[in-house]
Amino acid sequence: MNERYDAVIIGGGHNGLVAAALLAKAGKRVLVLEKRQTLGGSAATEEIFPGFKVNTGAEDAGLFRPELVEALALERHGLRFVEGPAVAFAPRLDGPGLTLWRDPTRTQAELAERISPKEAASYHRFTQLVARMTQVLDRAMLQTPPNPKEFDPRELLPWAMTGLKLRQLGKRDMMEFLRILPMSVREFLDEWFQDPFLKGLLATAGVAGTMQGPYAAGTAYLFLYHHLGGGQGVRAGRFVQGGVGQLSVALASAATLHGATIRLGAGVARIRTSYGQVTGVVLEDGEEIPARAVLSSADPRRTLFDLLGPQELEPRVMRRVRNIRFRGSTAKVNLALRGLPRFHGQESPEQLTGHIVISPSMEYLERAYDDAKYGRPSQEPALDVVIPTLLDPTLAPEGAHILSATVQYAPYALAEGSWDEGREELGDRVVALLARYAPELPDLVLHRQVLTPLDLEREYGLTEGSIYHGQMDLDQQLFMRPIPGYGQYAMPVGNLFLCGAGAHPGGGITGAPGFNAAREVLQALR
Amino acid sequence: MPIPTPFYPRTSTLSESHEWSEWAGYLAAITYEPTHDREYWAVRNSAGLLDVTPLFKYEVRGPDAERAVNRIMTRDVSRCRVGQVMYSPWCDEDGFVIDDGTVARLAPDRFRITAADPNLRWFQDCSFGLDVEVVDVSRDLAALALQGPKSREVLLAATEDPTLAKLRYFRLAETQLAGAPITVSRTGYTGDLGYELWMAPEHALAVWDRLLEVGRDYGLLPIGLAALDMVRIEAGLLLIEVDYISSHKALIPAQKSTPFDIGLGWTVNLEKEAFVGQRALVRAKAKGPTWSFVGLEIDWISLEELFGKVDLPPQVTGRASRSPIPVYRGDRQIGQVTSSVFSPILKKYVAIGTVEPKEAQPGSPVEIEITVEYHRERARATLVRPPFFNRARSE
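Chains as they are written, first to last, in this note's numbering: chain E, 1 to 526; chain F, 527 to 921.
Mixed in with the good hints, there may be bad ones.
[Stated by the list, open to error] Cβ-Cβ distance ranges computed for the label pairs, FRET-style:
| id | chain 1 | residue 1 | chain 2 | residue 2 | range |
| --- | --- | --- | --- | --- | --- |
| 1 | F | E619 | E | P148 | 15 to 23 Å |
| 2 | E | R319 | F | V842 | 43 to 51 Å |
| 3 | E | R4 | F | E619 | 27 to 35 Å |
| 4 | F | P779 | E | R319 | 14 to 22 Å |
The hints are simulated quantities; they were obtained by calculation from the structure and are not laboratory data. Since we're looking at a predicted model, the values are computed, not measured. Beta carbons are placed, not taken as given, at the ideal position from N, Cα and C, and that holds for glycine.
Please construct the entire structure, taking both the sequences and the accompanying hints into account.
In structure tokens, the structure reads:
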């Protein structure tokens, strides 16, 4: 029999490790159980091809909370962020591409020259507005959502600051904030810009990772969410030296320093309960590990159905969990290249140091979604491509590169056939699409990995391949995440907590759910 | 529009009163003769035959069937043996009663549940994640209640199956009747000796015909819901939406009842494996019930006095009344009558209802409201422990 831990954490992804490090730092006896042999969950770096360290899932770590970097001294544990001069580049078949530079003045100059001075001025004012709007969201990231059912005024106290932030925006901006959140990203961008190519590029932030097209309500909110890391119109374009998995390695190092134990290859089979209280976990090999509290960084469906069991839930809660919309919509194609490809409309390699986005118009993006709506992978998908080896050559052998494409849309639920049959076909389609923009690319490919939503579910335990642990729609946010009534990390069984992206504030590499859950656990264990 | 049951070709021609009501979407006879009297007395003195096809019927099948049914019911179904039937309510997550019915164990991995209301979704949701299937068999089964002191003799004569003589209370058996396979359970809603017969709809008419033919010598009569409502009050048995309101239909929280509030505390097993509403019921038990289920005997002298003032003999309804009536002690309303009837066999005006637990001592005096020539008056009554009528089970 193992001795009892204060907290057992299911999953060694970044959120689980954030929670582990914070709980260990607070003096709790902590154990992290990771099913795979690699830390990082769906933000891992794995040597899937000899000599190539590939970010198999997530790439951009720009949303990671700076508060956590400081609180856990992650730089001392080896964490380094790297940023290139470009945030995003949109290659173009019929002329020079468009680059959003990290330096806003450079972007404006480019927009003024390539599109119009008016569009450049709009872009300037637009990014300033987005920055003001994200300040409000920013305050909400590290707070536990209030429970509107209970109306405890004490819970609302921290939110007063968020409210204050909202007030500080001034009446006009505040109205604007509330107006924009439920809008479609298309309408939002249409209000500001005219150039279809620019809007196609920007709109990708509103639909990233979600089973929604840019014409869908609420995608403006997701657009703002992806700007929490200070993006210049798409995503932050901030990467981790050594691969995104190094973030989890640094977190693990901090957690271990504070006394946490981390076990790899230790998959949890069941969460054990007695009289509505968590008592520990059982591993896949039958080993029992008792714990006062259990934190799960798995998604809410896996946590509550597969690990806890629907029979442990009240029928009304079970129904809510059953009704969470997951709907994975992205696939990942990871390529090992013998050299760096050149894209149409590209002038220098520095343009490729951020996100390379293939979404030439919002209509293109919406049509890509149309296919997915009817259960088909997009005939012409939108691609979010990164070549991390440009900023960090250590990831690949000398002269070689890694190119990773996040493919949208690849719906989990196919109308016909299965992903096991369609996997390589999708890979071929993506390579063919890339070849239109970078004709040399097919000849450069050494290795290829295609991860469909089904693979994301099987390998990373993401229900329906949903990288956000549940869609980031407005009705699945805040106190309604993962389900109404359980938006405060504590799950329906005593001392069971959700600490992953299925809890507020949601997906992306933020560390915020882990941070917030750790705070709630410390309260509960007091 | 209500639909006919499989017995309708017979029941419709027998109906002299043409008095029908709607029961769970079916046409159901209230009476066959112009008045209910003979039908009532048939149940109490000989035997009555009632079409109970409109009951909702569900089967829970599969390796986890026992777990699933035990999670739904407040009683410990794991103690229900094959061939046994249990009466039990089932509750929502807050411990409030949704419905009540019988649970028959047909096989180790197969249960049949009867219900007053549709419950398929509820049963399926409660079983989610278990290796079972919940099937609505309401339309696959026709059902008859054969009730009354002569019901056993009628059944034996009709089936020519002497083993049924030993069929115990709340047990079931498979047999043949008029060449049709039927399930017989010794259950009912009358407080009398009685059986319920379950069969495929295509055998319904053959079974009906055989029973009426054999039953003629025993005074068997087809009976309607008017007689049933009278005998079930005498037996102190609850009727959903009359004596309690399903928590799924309550409009306000105060309309909901825990089993403790409606005299079904004995069905709640808090020690068995986890079931829906268990945690809430543990709290409810500790807190004590909001209401106590009681019987009332209304004082006949008091009625004579009240009606005598206007030169009338006591006017009491011939049939059961489902009108709620306030119950008082002193100046204060302490509860309510939910069903009442003048019991012909007991020669008493009796009622069931709920009163505040601290006022619920059996034998203690209360008053109930009664309307005498448009004036509200109060009649004296005494609280008693139901049932008012209960035929000895050993018979």
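Evaluation of the provided hints:
1. E619/F x P148/E: 15 to 23 Å: At 19 Å between Cβs, range holds.
2. R319/E x V842/F: 43 to 51 Å: At roughly 48 Å between Cβ atoms, V842/F and R319/E fall inside 43 to 51 Å, so the hint holds.
3. R4/E x E619/F: 27 to 35 Å: holds (30 Å)
4. P779/F x R319/E: 14 to 22 Å: Holds: the Cβ-Cβ distance is about 20 Å, inside 14 to 22 Å.
In summary, the structure agrees with every hint in the numbered list given earlier.
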